[in-house]
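The listed protein sequences derive, respectively, from chains A and B. Those letters in the first sequence? Residues 0 to 261, per numbering that gives the first Met the number 0, in order. Those letters in the second sequence? Residues 0 to 261, per numbering that gives the first Met the number 0, in order.
There are no misleading hints in this set.
In this list, chains with the same sequence are indistinguishable; a pair is considered to hold if it fits within one copy or across any two.
SDA-like cross-link-like pairs, simulated, lysine to any residue; straight-line CA separation at most 20 Å:
id, residue 1, residue 2
1, Lys123, Phe145
2, Lys43, Ser127
3, Lys69, Leu15
4, Lys69, Thr86
5, Lys123, Ala144
No lab work stands behind these hints: they were computed from the structure. This structure is a prediction, so every number in the text was calculated from the model and none was measured.
Number of protein chains: 2
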Amino acid sequence: MCQLMGMSANVPTDALFSFTGLVERAGRTDVHRDGWGISFYQGKGSQDFRGLNAGSDCEVAQFLKTQKIKSDIVVGHIRQANVGALTLENTHPFRRELWGRYFTFAHNGQIEGIFDQLTLGRFKPVGSTDSEHIFCWLLHEIEQAFPEPPVDPKPLYDLIYRHLGKLHAQGVCNVLLTDGSVLIAYCSNRLQWITRRAPFGSALLKDIELEVDFATETTVNDVVTVIATQALTTNETWQSFEPNELMVFEQGELNYQVKATD
Amino acid sequence: MCQLMGMSANVPTDALFSFTGLVERAGRTDVHRDGWGISFYQGKGSQDFRGLNAGSDCEVAQFLKTQKIKSDIVVGHIRQANVGALTLENTHPFRRELWGRYFTFAHNGQIEGIFDQLTLGRFKPVGSTDSEHIFCWLLHEIEQAFPEPPVDPKPLYDLIYRHLGKLHAQGVCNVLLTDGSVLIAYCSNRLQWITRRAPFGSALLKDIELEVDFATETTVNDVVTVIATQALTTNETWQSFEPNELMVFEQGELNYQVKATD
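Just chain A, same shape as in the assembly (with noise of 0.2 Å):
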């Protein structure tokens, strides 16, 4: 099983902390060493990073502990291998080009048995994780469905919640993915969240001794949501998504969500 870390943001934020709390997972206080990678969006376009060591150990994650990357969504994911190879191919997220926008997607879970039923088009796998596999099915089956971006996006986003739900119905699939203009969070089994604004707090890393008062580094009008396979710091309130939740959050704001029905 891996870990996921997301951001959503309506100023150009850091990310730093979140990340610094993650990666100690990668390896230190957890066992997720089997690779890493980041995506930081500005606008349309983003930075990414990836590693294959675990990333508590690598040089170019204690690296960006140095640089405060300011970004709009961010995309993170630390690797315990099951299915695929340690290669950089298997490493998330993974990008994939759809309407003229970047799509980055990262996954925990496992899903089994099912991917004779899932028809892949022209988008390819280039490793061979069943992450990369679902994510190459999805965006041809968003694409089938919606050759042109919807002018509304909820019959998109409920058809996301769709499909990913038939993967969660036989494994588990927690998924974190964006086009750059929103983030979209699926939970299958563990998910969680917080939104922070003003007033703004003080927060403590749960991994790892380490505090930030939100305070000085925000201004009133800012909103932050952060999403996590678990909570990343010890003094606040974070949310736990239900199982087969989506969520989609828009300039930090969570602006639409969708969830089973009894």
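Fit chain B to the supplied structure of chain A, relying on the hints for placement.
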């Protein structure tokens, strides 16, 4: 205009020396200060780095000068913007997946007034550069001719040559392109290359006082080709491409060549 740097090697090799010379030109010894990017392939996947600052000032680029990232193929670019804003989506190299391979493209030059003739298919530009437009068009043309990767790649190389030749006829179009297995270099007006093999000697960078003794860094079986817009060293003999010439490098060796015949 911009500058290009590429590497092809038969063993994973760090391109640190060449990168160090290149980034000097990104604002210190030359004017290419409008962003930079580099892809280090290891097998089918890659580690990518890019930034919007001048490479010579950029902390990420400075950090990379401390990292010996071993690669089979490298594609690097420093930008002096002429078309397209200073945004991450407009920094080279560009990336798309075709045939389950990551294609990476960097361009130096400017093509004007022929975009109406360049039909785009499923590959859509995310940014606004002529370079990304060319890349998307070229991949579309490749896919139209070869829905599957050809067993004999020579007709593919010939097609790329013909298509880049059309651009060369109407502007300047120096290109580095890779699919992770070969490095394709096309010269429109300015491109040089050198193949280093045993017996290895010392090399002196042109843009900064730095010498490396490759004999201490290599084995006798290593073969490494470096391509650059302009020779990166002063004490070695670089060969110049001819205008409208394409070369394909595989595992450090030149294995295919097409040029204009009189």
